[in-house]
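Asks: One line per chain: the protein sequences are A and B, in this order.
With the working numbering applied, the first sequence covers 3 to 476.
With the working numbering applied, the second sequence covers 3 to 476.
Everything labelled a hint here was simulated from the structure, so no lab data went into it.
Only a predicted model underlies this, so the values are computations on that prediction, with no experimental measurement involved.
A portion of the hints provided could be inaccurate.
Repeated chains share a single entry, so a pair holds when one copy, or any two copies, can fit it.
List time: in silico SDA-like cross-link candidates among lysine to any residue, alpha-carbon distance up to 25 Å [stated by the list, open to error]:
(1) Lys416 / Asp283
(2) Lys239 / Asp109
(3) Lys239 / His133
(4) Lys67 / Gly182
(5) Lys298 / Pro223
(6) Lys411 / Arg377
2 protein chains.
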Amino acid sequence: MSKGSSIKTIEELSALLGPGGWIDGESDDAAQYLTDWSGAFTGKAIGIARPTNVAEVQAVLKLAKKESLGVIPQGGHTGLVGGGTPFNEGNVIVLSLKRMNKIRKIDPANYTLVVEAGAILQEVQEAAVAHDRFFPLSLGAEGSCTIGGNLSTNAGGVNVIRYGNARELVLGLEVVLPDGEIWDGLRTLRKDNTGYHLKHLFLGAEGTLGVITAAALKLFPKPMRTAAAWVATPSVKDALAVLEIARNETGDSIETSELITRRVVDVVVSQMDGVRDPMPDTSPFYILMEASTTRKAETGETPQSMLENALAQAIETGHATDAIIAQSDQQRTDFWKIRESSPEAMRRLGKPRITWDVTLPISDLPDFYAAAEKRMAEVAPDVTFQGFGHMGDGNLHYAAYGDRVREIKSLLDKTLYDLVADFEGSFSAEHGIGQKRTEELERYKSPVEYKLMQTLKNALDPDGRMNPGKVLHV
Amino acid sequence: MSKGSSIKTIEELSALLGPGGWIDGESDDAAQYLTDWSGAFTGKAIGIARPTNVAEVQAVLKLAKKESLGVIPQGGHTGLVGGGTPFNEGNVIVLSLKRMNKIRKIDPANYTLVVEAGAILQEVQEAAVAHDRFFPLSLGAEGSCTIGGNLSTNAGGVNVIRYGNARELVLGLEVVLPDGEIWDGLRTLRKDNTGYHLKHLFLGAEGTLGVITAAALKLFPKPMRTAAAWVATPSVKDALAVLEIARNETGDSIETSELITRRVVDVVVSQMDGVRDPMPDTSPFYILMEASTTRKAETGETPQSMLENALAQAIETGHATDAIIAQSDQQRTDFWKIRESSPEAMRRLGKPRITWDVTLPISDLPDFYAAAEKRMAEVAPDVTFQGFGHMGDGNLHYAAYGDRVREIKSLLDKTLYDLVADFEGSFSAEHGIGQKRTEELERYKSPVEYKLMQTLKNALDPDGRMNPGKVLHV
Numbered sequence: 003m004s005k006g007s008s009i010k011t012i013e014e015l016s017a018l019l020g021p022g023g024w025i026d027g028e029s030d031d032a033a034q035y036l037t038d039w040s041g042a043f044t045g046k047a048i049g050i051a052r053p054t055n056v057a058e059v060q061a062v063l064k065l066a067k068k069e070s071l072g073v074i075p076q077g078g079h080t081g082l083v084g085g086g087t088p089f090n091e092g093n094v095i096v097l098s099l100k101r102m103n104k105i106r107k108i109d110p111a112n113y114t115l116v117v118e119a120g121a122i123l124q125e126v127q128e129a130a131v132a133h134d135r136f137f138p139l140s141l142g143a144e145g146s147c148t149i150g151g152n153l154s155t156n157a158g159g160v161n162v163i164r165y166g167n168a169r170e171l172v173l174g175l176e177v178v179l180p181d182g183e184i185w186d187g188l189r190t191l192r193k194d195n196t197g198y199h200l201k202h203l204f205l206g207a208e209g210t211l212g213v214i215t216a217a218a219l220k221l222f223p224k225p226m227r228t229a230a231a232w233v234a235t236p237s238v239k240d241a242l243a244v245l246e247i248a249r250n251e252t253g254d255s256i257e258t259s260e261l262i263t264r265r266v267v268d269v270v271v272s273q274m275d276g277v278r279d280p281m282p283d284t285s286p287f288y289i290l291m292e293a294s295t296t297r298k299a300e301t302g303e304t305p306q307s308m309l310e311n312a313l314a315q316a317i318e319t320g321h322a323t324d325a326i327i328a329q330s331d332q333q334r335t336d337f338w339k340i341r342e343s344s345p346e347a348m349r350r351l352g353k354p355r356i357t358w359d360v361t362l363p364i365s366d367l368p369d370f371y372a373a374a375e376k377r378m379a380e381v382a383p384d385v386t387f388q389g390f391g392h393m394g395d396g397n398l399h400y401a402a403y404g405d406r407v408r409e410i411k412s413l414l415d416k417t418l419y420d421l422v423a424d425f426e427g428s429f430s431a432e433h434g435i436g437q438k439r440t441e442e443l444e445r446y447k448s449p450v451e452y453k454l455m456q457t458l459k460n461a462l463d464p465d466g467r468m469n470p471g472k473v474l475h476v
Numbered sequence: 003m004s005k006g007s008s009i010k011t012i013e014e015l016s017a018l019l020g021p022g023g024w025i026d027g028e029s030d031d032a033a034q035y036l037t038d039w040s041g042a043f044t045g046k047a048i049g050i051a052r053p054t055n056v057a058e059v060q061a062v063l064k065l066a067k068k069e070s071l072g073v074i075p076q077g078g079h080t081g082l083v084g085g086g087t088p089f090n091e092g093n094v095i096v097l098s099l100k101r102m103n104k105i106r107k108i109d110p111a112n113y114t115l116v117v118e119a120g121a122i123l124q125e126v127q128e129a130a131v132a133h134d135r136f137f138p139l140s141l142g143a144e145g146s147c148t149i150g151g152n153l154s155t156n157a158g159g160v161n162v163i164r165y166g167n168a169r170e171l172v173l174g175l176e177v178v179l180p181d182g183e184i185w186d187g188l189r190t191l192r193k194d195n196t197g198y199h200l201k202h203l204f205l206g207a208e209g210t211l212g213v214i215t216a217a218a219l220k221l222f223p224k225p226m227r228t229a230a231a232w233v234a235t236p237s238v239k240d241a242l243a244v245l246e247i248a249r250n251e252t253g254d255s256i257e258t259s260e261l262i263t264r265r266v267v268d269v270v271v272s273q274m275d276g277v278r279d280p281m282p283d284t285s286p287f288y289i290l291m292e293a294s295t296t297r298k299a300e301t302g303e304t305p306q307s308m309l310e311n312a313l314a315q316a317i318e319t320g321h322a323t324d325a326i327i328a329q330s331d332q333q334r335t336d337f338w339k340i341r342e343s344s345p346e347a348m349r350r351l352g353k354p355r356i357t358w359d360v361t362l363p364i365s366d367l368p369d370f371y372a373a374a375e376k377r378m379a380e381v382a383p384d385v386t387f388q389g390f391g392h393m394g395d396g397n398l399h400y401a402a403y404g405d406r407v408r409e410i411k412s413l414l415d416k417t418l419y420d421l422v423a424d425f426e427g428s429f430s431a432e433h434g435i436g437q438k439r440t441e442e443l444e445r446y447k448s449p450v451e452y453k454l455m456q457t458l459k460n461a462l463d464p465d466g467r468m469n470p471g472k473v474l475h476v
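Full structure from sequences and hints, please.
Replies: Given below as structure tokens:
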């Protein structure tokens, strides 16, 4: 317990949240809320408030205001930039939304679902499927991340090329504001031009402007058939050409297009049990590509036949050298295993590494890729460097491996990010800012843009108590 | 010239904008900028500033700040709520963006286009097509409205069901802020989680927070084949069932689904030359529906064959009573003529009328439609009432005709809008607030939401000089 809080405050919180609603910050149970999933960020808090409904969130925020306490909203705590982890100051409450997790309403005819912030992403996906609908947000942590966290961080993932980022899947929000007022913006409308679109303020704001407590989400028709392909391609430029052919041939029904390097395949095959290279010959790059259809009728072209046509063309034109289309669910799962186990395989290698998450205009990916290889080799010849990721969104996850990468982290960060800035790219594609990238935000944003963000923060949270120190230095 | 402005200010503006850049507010040339397209809104201004580049916009805004003048941003001046028309106070400048209309860059491989605010929507569409791409925003005024106006009002139109509203088609913006600072947010990235997403503040803000001077737009693969159908259906509920069948059968490639009433067909056929009823028998409702594909290959199912299957099913299940699929471009154009000439046909009827633009959750359309008919007939039995529009978005354009509709406008407004509120709908789907709906905004928004909007306005435009009195009472 920090000196800023009184025994009385804690008693009040504990009473209003009921049994299981309050965890003291120094108890063992608090640990998982105070250290993030990766172990990279850790901090202190007076305690963990675990409300079960919006009225309790409101009560916590009102009390926090009265007692001048900071509030750290937290979902599944699976973020990669420390956005949901407190600092060491301690005069804050962690507000875990995990117990506020009901699905409030599904309206299949309106293609909408209203859900509370603490619901696990996978449960939201399953609820949609149970009503013959589809919620397309999909990412590695979907079994443990919460929808509230996904929305507060504007999560990306593997289906962005077709369905957009998390913010594009939201029709309305319920938000508790820093002063404890509840904004009920849970509309389920496809068009609504009645004043400023406030939801976009809170989506992606990482809890610094208020607490998202519920959301009205867009649903889509359920994919009926999906085809997956593993494609060998000689270069990043060729990979983009393959994607373009596939978009044309499949009527833009490509759901996923992941660029994978030879090195990723090597590391995964060597480190993970039961994973093997799908192809006999090696290639510098691969694409894991999926096409799907929501058509119920089984006549005409299927995703599989369309992908076959596309990849035959890609091989004919030299943009691909080989391609395998999954003939079974097992084979499709095997393809995905290579992509999805790569972080774990890299970890098992045991070498120090640092990772980045950048976006470029898609057309600049080949030039950027070449320039990055060259420049990183110049500044750190002993470092192994690689990039792979969501090619169709221009999003590359880079990593550097080598004994001294952590020592020269600032140099590597700056080298890569300066290059990203030259290409008018983004230094944080989908992971956000949190506490990890606040310096970059200040360095790479124009003073006008940074000041605009501060203006918003000061207007909505004048006391600076919402997730203090995250995203912006105010 | 209003008394608040000095001769010196006008001389400065005139000099900085060059020949053709300044129009005195009392000259004949000013009239088109001071009265809106429909003639419903008219006002006064010191003059019309017509900058050709962002530096000139900046200079105008800095001068306006120095001289405490209001600024009314204006595009094609085709809005329906008086958002771009000044009031009668006169101490304002109209800032017409029409001369700032260059297409700055097209990047087909990145599926993006960067364009200045004053470009006509149709020119943007054409520029995309010239590069084998598609910009989907499409609405009646596309030959004269500007992209800047479309974005400032978050325009809707006929393709929203598939591609979203205007704001969803934007990757980045360039905005001149109220103090004359330029925010260069013209990014062309598909993922970018670096702080608050400022573009959404200005999109749909109707020029009350700053002036959008350029935008980076998303492009899409170009539709290769489109099929159009004219479908007779007995009720709104059946119309929704037809849409659902069509979404399923076509793999969600429905681009348009417009609900049209029998009365619209009658009025259009009676008032417009060369328009005829496509069907021999009458039906209470019709749907104008289009499906398209971006597939280049011509194998497999086509939009036409998929729509045929869907409509055969719809007739079999009784949700449709008849359907015609256009066999030629001419027949497709004829279908559209009924939809698009309906405002003009209604005008030619010569009866007093008032119109509304509302959205409901799609699943509530049948109940809302029935309740609205009943309630409007109760309060005004002598008024003819009808609704039609973008069914797939839940968006209905309502109109009332009758000798005394203008006398009882407040009663009709309130009756309809109260009902919309009961169904958690929106009283302005795509037309916005402007000066026409400011009272409704205050009445139907919660105090929390209204105050949040005021907080934003005060934070970004503390002097209240950007499009003063529009959208919000500050």
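Asks: Each hint: holds or not?
Replies: Verification of the supplied hints:
1. Lys416 / Asp283: neither (37 Å within a copy, 72 Å between copies)
2. Lys239 / Asp109: Intra 43 Å, inter 15 Å, cutoff 25 Å: inter-copy only.
3. Lys239 / His133: Answer is between: at 20 Å across copies they meet the 25 Å cutoff, but 41 Å inside does not.
4. Lys67 / Gly182: Answer is within: at 8 Å inside a copy they meet the 25 Å cutoff, but 36 Å across does not.
5. Lys298 / Pro223: Intra 10 Å, inter 23 Å, cutoff 25 Å: intra and inter.
6. Lys411 / Arg377: within (15 Å within a copy, 68 Å between copies)
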